[in-house]
Amino acid sequence: MNTDELVKQLCEINAPAGFENLAAEKIKSFFEPLCDKAFVDRFFNVIGYKKGTSENPGKILITAHYDQIGLIVSGFEKGGFLRISNLGGVDTKTVLAREVIIHGREEVYGVIGAKPPHLLKESEVSKNAEITDLFIDTGYPDDVLKQKVAVGDPVSVIAPANELKNWCFAGKSLDNRAGVAALVLILYELQNIKHPNDIYVIATVQEETNLLGAIISSYSLEPDLAVVIDVCHGDMPEGDKAQCFPLNKGVPVAVGPAFQREYTDALFETAKKERIPTQRCIEPGNPGTEAWAIQVSRTGIPAVEVGIPLRYMHSTAELVSLQDIENAAVLVARYVSGDIVRTYDEFI
Amino acid sequence: MHMVRRLAELTKIDGISGNEKDVREFIIQNLEGKSLKFYTDNIGNLIVKGRSDGSSKLRVMAAAHMDEVGLMVNYITDDGKLKFSAVGGIDNRILPGQHVRVGRDKIPGVIGCKPIHLQDKSERGSAVNIKNLYIDIAAKDRENALELVNTGDYAAFASEPVFFGENRIKAKALDDRAGCAVLMELLEEVWPFEFYACFTVQEEVGLRGALVAANRLKPDIGIVLEGTTCTDVPNVKEHEVSTVMGKGPSLSFADRTSLADRGLLEHFAKTAEKEGIPYQWKTTVSGGNDAGRIQTSGTGVRTLVVSVPCRYIHSPVSVLDLDDLKNMHKLVSRALHTLPGALGR
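Which chain is which? The protein sequence lines are A and B, in order. With the working numbering, the residue at position 65 of the first sequence is 65, and numbering never jumps. Heads up, the working numbering is the position in the second sequence plus 348, with the first residue counted as 1.
This is chain B alone, in the form it adopts within the complex:
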């Protein structure tokens, strides 16, 4: 399957943190028959050992997280409405009137909101409070709701992938199914070193999967493939723009959870320049990702984060540029192949 098609398919799957099973199964099914070794660890990370010609002793771990942000039902009211909390970071402003699917059976529902006709002036002017929101699955009452769903059930945004504009895709969960799609593509290749592709769990609730995967693998190098914020939109000041859509994959020199390894950073930037692959620096240091846990695992791991810019990240309409995605794959692939030489190993 083509990488872009794979990405679209990946975004259709619901895999909110702690419930990544369906994403994992899709990845395994899609990579079967390519003489790869699959291992699912205790926490649910999928670790795939790639093919290697054994020419270098380096051990490289590349990680992308399978989980996405979403909602979790935490209370069912007497009249059968589902109260919920966010799993991961969600912009509450986007919630009223969204369509969702709840639980294993994907029960369709909508997030209720008081109609504008019935709001008083102060309500019209103020932002929504997640505590006042609920999911309506049209249950008659609590008992009827409990026949369909339960507290602890996940609710995912009902948002199908759409290709639009020039070379853009809109979907939910681009963060980080985009990384997953690139990582799957990397598994098609034969590497000079030991290569482990880690599809991690629970990134969105605290970078939890990557920590145990890194502890198991004890890699020399950790490359994290991410979807990152892209704030090149109206009303944002120039210095607040983290990445720009269409300008290629971004390299982070730092974020809230890790400082990049300077050697890796230099090698990736040089590779991009040599190969004529567009790339950009992520110019803000907000946000964090799996690199923060991989870097501090074991006796320490040299890490780097490469990301595809995603506008409206963590929303049902996140957007990325397909050329950015292709260039991200190209850059990571080229830079990894020449890595042993660059590091003298």
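Okay, chain A solo, but in the shape it has when bound:
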């Protein structure tokens, strides 16, 4: 499968945070043919295991979350309308006049509306709509709708998924299906590389709400090293250059207290050796990614992070470069196949 087709299929999957059960088996189907074993844990983390060649292998985790921000049904309004609340960091500016799927007893299609512009008061015109100002129009009579949908049902905002020029791709949920695509590409790479250590690729759950998937999977698998793959901000006219990274200009590697120095240095070394261009992504504190949670799991787990620049994060028009995804995958595949895991003396 080409990378564009892989990314398209992944970003068309709907898995609102906390409702990954809707998509776990589908994600597993991407890992299964490329692993020794693929399984879904009870919180719907999807794990692909690839056995290492060493007699006494270390354990390396590679994570990318597969949940997406979304909406949740919070009430009914007369006329086939639903009230909504947000699931994760939703910018209301980017959901008005969008299409949605409500994951109720059955999937119900709808569109998001608000009070029409010509009826807004002067004071309302300059304000951003609140989530409580928005509603979903399902087109069903109230009694029919109540049989299909209940308060608390999750909602996915859907959008076209298109390849653009210069190896770019735009769609919804590329945060972080771009990372999940990298996991699949890493497994492809590992078909042809010998690796001493056991490798677990994990598509994790509930990153957008509280990093749950990373917390529980790093605790239960107790790895020697974790590599986190997540999107970072791409370059945008209104973006701060220190926080936003140009597309097609190298793999952002995170640098900061969340990321173990010696392992990060080794990652840069691998990139240099493999002639893969990198960028330095400076995170002076909590990077807001899974590395932050994994680092303090158990007795401490060294973590490194590889980014994929993405423009317009959390909108229905997230934009990434397919080349950046491929480069991130090749870099991580080479990195984790090396003899990099250090052992520490037992203390207590």
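Please keep in mind that the hints were generated in silico from the structure rather than gathered at the bench. As the structure is a computational prediction, the values presented were derived from the model and not from experiment. There's no promise every hint is true.
[Claimed, not checked] Straight-line distance between alpha carbons at most 20 Å, and here's what the computed SDA-like set of lysine to any residue pairs gives:
id: 1; chain 1: A; residue 1: K78; chain 2: B; residue 2: N515
id: 2; chain 1: B; residue 1: K566; chain 2: B; residue 2: N390
id: 3; chain 1: A; residue 1: K78; chain 2: B; residue 2: V584
id: 4; chain 1: B; residue 1: K469; chain 2: A; residue 2: G88
id: 5; chain 1: A; residue 1: K165; chain 2: B; residue 2: A506
id: 6; chain 1: A; residue 1: K249; chain 2: A; residue 2: E163
id: 7; chain 1: B; residue 1: K585; chain 2: A; residue 2: E77
id: 8; chain 1: A; residue 1: K272; chain 2: A; residue 2: I193
id: 9; chain 1: B; residue 1: K678; chain 2: B; residue 2: Y627
id: 10; chain 1: A; residue 1: K121; chain 2: B; residue 2: A475
id: 11; chain 1: B; residue 1: K431; chain 2: A; residue 2: E238
id: 12; chain 1: A; residue 1: K249; chain 2: B; residue 2: E491
id: 13; chain 1: A; residue 1: K127; chain 2: B; residue 2: N440
id: 14; chain 1: A; residue 1: K121; chain 2: B; residue 2: P582
id: 15; chain 1: A; residue 1: K115; chain 2: B; residue 2: D580
id: 16; chain 1: A; residue 1: K165; chain 2: B; residue 2: D489
id: 17; chain 1: A; residue 1: K78; chain 2: A; residue 2: T132
id: 18; chain 1: B; residue 1: K585; chain 2: A; residue 2: S123
id: 19; chain 1: A; residue 1: K127; chain 2: B; residue 2: K479
id: 20; chain 1: A; residue 1: K78; chain 2: B; residue 2: N583
id: 21; chain 1: A; residue 1: K121; chain 2: B; residue 2: V476
id: 22; chain 1: A; residue 1: K51; chain 2: A; residue 2: D36
id: 23; chain 1: A; residue 1: K165; chain 2: B; residue 2: K454
id: 24; chain 1: A; residue 1: K115; chain 2: B; residue 2: T632
id: 25; chain 1: A; residue 1: K165; chain 2: B; residue 2: E491
id: 26; chain 1: B; residue 1: K488; chain 2: A; residue 2: E163
id: 27; chain 1: A; residue 1: K37; chain 2: A; residue 2: G58
id: 28; chain 1: A; residue 1: K127; chain 2: B; residue 2: S470
id: 29; chain 1: B; residue 1: K674; chain 2: B; residue 2: E623
id: 30; chain 1: B; residue 1: K469; chain 2: A; residue 2: S126
id: 31; chain 1: A; residue 1: K121; chain 2: B; residue 2: V584
id: 32; chain 1: B; residue 1: K369; chain 2: B; residue 2: L559
id: 33; chain 1: A; residue 1: K59; chain 2: A; residue 2: A38
id: 34; chain 1: B; residue 1: K488; chain 2: A; residue 2: N248
[Unchecked claim] Restraint-style ranges between C-beta atoms, simulated for each label pair:
id: 35; chain 1: B; residue 1: A475; chain 2: A; residue 2: D240; range: 16 to 24 Å
id: 36; chain 1: B; residue 1: K360; chain 2: A; residue 2: N286; range: 45 to 53 Å
id: 37; chain 1: A; residue 1: V144; chain 2: B; residue 2: A475; range: 31 to 39 Å
id: 38; chain 1: B; residue 1: E495; chain 2: A; residue 2: N2; range: 20 to 28 Å
id: 39; chain 1: A; residue 1: S29; chain 2: B; residue 2: R682; range: 51 to 59 Å
id: 40; chain 1: B; residue 1: A475; chain 2: A; residue 2: S29; range: 37 to 45 Å
The C-beta atom is built at its ideal place from N, Cα and C for all residues, glycine as well.
Assemble the complex: chain A is given as a structure, and chain B must be docked to it using the hints.
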């Protein structure tokens, strides 16, 4: 082709004001072989002469506009982003994060927006300003962008028709491809009078096509087939509700551009009641349409506006009720057939 299927096909076509060619060609192709006469005038209006049995001397012009609202590229930045302005009335609030297609080659792009993570508190709370928006086609720089698009290129919303709920369709451009679909259906019939179907251009930027079409045709009667606002949604006060979805086509007694001819209004309402066709009054007088220009053309034309209610009009997710559409066709068809008798001509 069935009227509903035709409507769905019509909404897939991009035809922003001044660029209606593809819509016009679709209509001609679909109506060919039905012994109709086609004429495209200087401004791009498609005028189709319908079949008539010649029993009445009345000349009736029925109009629906082919154009839709959209965007136009007006500047390309050094880093290859496309600045744009709106063509027709667009609610700026809906723009960030929309998918669009730009220019003749339909280059895919998206409307950029600063991520919520990078917005400060005041930015989070304030509405978007169209001046700060741009289309990103993933061009490397200005030069690269110019290989793909140019200033003056149109950008249309990438929104495919979807049938959903009970009897609803979501699509872009329902205003006024819905009118176009009804008008095409009317051309299937044989009329007692001279019948001209006018598929007009540039309604959304000032009702420009209808004016010259009416000047050419000098009709006795002008019937405008429209998609109109439907504000029967949460947060709207009852007196602000213009039309209600599912209650049938709406008859306007007045809007910003014209007052309806009372005789026509009465005849259409009576026909609906006699035939048991649901209809409603458009109860607000905001908005305008081609009737404003047709009425004041030549020595004056008796006009009436019949509309199908469209929620979220002018957005990529406008919605209409398919029964409203079918009833609009039924009402206009029945009322026109009995019009010569009602007017004594």
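Here's how the hints hold up against the structure:
1. A C-alpha spacing of about 18 Å is found between A/K78 and B/N515, which places the hinted pair at or below 20 Å, so the restraint holds.
2. The straight-line distance between the Cα atoms of B/K566 and B/N390 is roughly 17 Å, inside the 20 Å bound, and the hint therefore holds.
3. The hinted pair formed by A/K78 and B/V584 meets the criterion: a straight-line CA distance of about 12 Å does not exceed 20 Å.
4. For the hint linking B/K469 to A/G88, the alpha-carbon distance of about 17 Å falls within 20 Å, and the restraint holds.
5. The suggested pairing of A/K165 with B/A506 holds, with an alpha-carbon distance near 17 Å, which does not exceed 20 Å.
6. Taking the CA atoms of A/K249 and A/E163, the gap is about 18 Å. The hint holds against a cut of 20 Å.
7. In summary, the hint linking B/K585 to A/E77 is supported, as the alpha carbons are separated by about 14 Å, within the 20 Å threshold.
8. Straight-line distance between C-alpha atoms of A/K272 and A/I193 comes to about 18 Å, which keeps the hinted pair within the 20 Å bound.
9. For the hint pairing B/K678 with B/Y627, the CA-to-CA distance comes to about 11 Å; that is within 20 Å, so the pair holds.
10. A distance of roughly 13 Å separates the Cα atoms of A/K121 and B/A475; the hinted pair therefore holds under the 20 Å criterion.
11. Of the supplied pair hints, the one linking B/K431 and A/E238 holds, its CA atoms being roughly 14 Å apart against a limit of 20 Å.
12. Only pairs whose Cα atoms come within 20 Å are accepted, and A/K249 paired with B/E491 is accepted, the gap being roughly 18 Å.
13. Note on A/K127 and B/N440: the hinted pairing holds, with a Cα-Cα distance of about 12 Å set against a maximum of 20 Å.
14. A threshold of 20 Å between alpha carbons decides the hint, and for A/K121 with B/P582 the separation of about 16 Å falls inside it, so the pair holds.
15. About 10 Å separates the Cα atoms of A/K115 and B/D580, which keeps this hinted pair within 20 Å; it holds.
16. The straight-line distance between the Cα atoms of A/K165 and B/D489 is roughly 12 Å, inside the 20 Å bound, and the hint therefore holds.
17. Under the criterion of a C-alpha separation no larger than 20 Å, the hint pairing A/K78 with A/T132 is consistent with the structure, at around 16 Å.
18. For the hint pairing B/K585 with A/S123, the CA-to-CA distance comes to about 17 Å; that is within 20 Å, so the pair holds.
19. For a cut-off of 20 Å, the pair hint linking A/K127 to B/K479 stands: about 16 Å separates their Cα positions.
20. Using a Cα cut-off of 20 Å, the hinted pair A/K78 and B/N583 holds, with the two alpha carbons roughly 11 Å apart.
21. For the given pair, A/K121 sits about 16 Å from B/V476 by alpha-carbon distance, which is consistent with the 20 Å threshold.
22. A threshold of 20 Å between alpha carbons decides the hint, and for A/K51 with A/D36 the separation of about 7 Å falls inside it, so the pair holds.
23. Distance restraint check for A/K165 and B/K454: the Cα-Cα separation of roughly 12 Å lies within the 20 Å cut-off, and the hinted pair is therefore satisfied.
24. Distance hint between A/K115 and B/T632 is fulfilled; the C-alpha atoms sit about 16 Å from each other, no more than 20 Å.
25. A hinted pair counts as satisfied when its Cα atoms are at most 20 Å apart, and A/K165 with B/E491 qualifies at roughly 14 Å.
26. Restraint check: the Cα-Cα separation between B/K488 and A/E163 comes to about 15 Å, which is no more than 20 Å; the hinted pair holds.
27. Pair hint A/K37 plus A/G58 holds up; C-alpha atoms about 17 Å apart against a cutoff of 20 Å.
28. Only pairs whose Cα atoms come within 20 Å are accepted, and A/K127 paired with B/S470 is accepted, the gap being roughly 10 Å.
29. At most 20 Å may separate the alpha-carbon atoms for a hinted pair to count; B/K674 and B/E623 meet this at roughly 14 Å.
30. Distance restraint check for B/K469 and A/S126: the Cα-Cα separation of roughly 14 Å lies within the 20 Å cut-off, and the hinted pair is therefore satisfied.
31. Of the pairs offered as hints, the one joining A/K121 and B/V584 holds, with about 12 Å between alpha carbons and a cut-off of 20 Å not exceeded.
32. Note on B/K369 and B/L559: the hinted pairing holds, with a Cα-Cα distance of about 19 Å set against a maximum of 20 Å.
33. Distance hint between A/K59 and A/A38 is fulfilled; the C-alpha atoms sit about 16 Å from each other, no more than 20 Å.
34. Restraint check for B/K488 and A/N248: the C-alpha separation of about 10 Å stays at or below 20 Å, so the hint holds.
35. A beta carbon spacing of about 22 Å between B/A475 and A/D240 agrees with the range 16 to 24 Å that was offered as a hint.
36. Distance hint check for B/K360 and A/N286: the Cβ-Cβ separation is about 46 Å, which falls inside the suggested range of 45 to 53 Å.
37. With their beta carbons about 35 Å apart, A/V144 and B/A475 fall inside the hinted range of 31 to 39 Å.
38. Taken as a hint, the range 20 to 28 Å holds for the pair B/E495 and A/N2, whose Cβ atoms sit roughly 24 Å apart.
39. Roughly 56 Å separates the CB atoms of A/S29 and B/R682, a value that falls within the hinted 51 to 59 Å.
40. Under the hint 37 to 45 Å, the C-beta atoms of B/A475 and A/S29, about 43 Å apart, fit the expected range.
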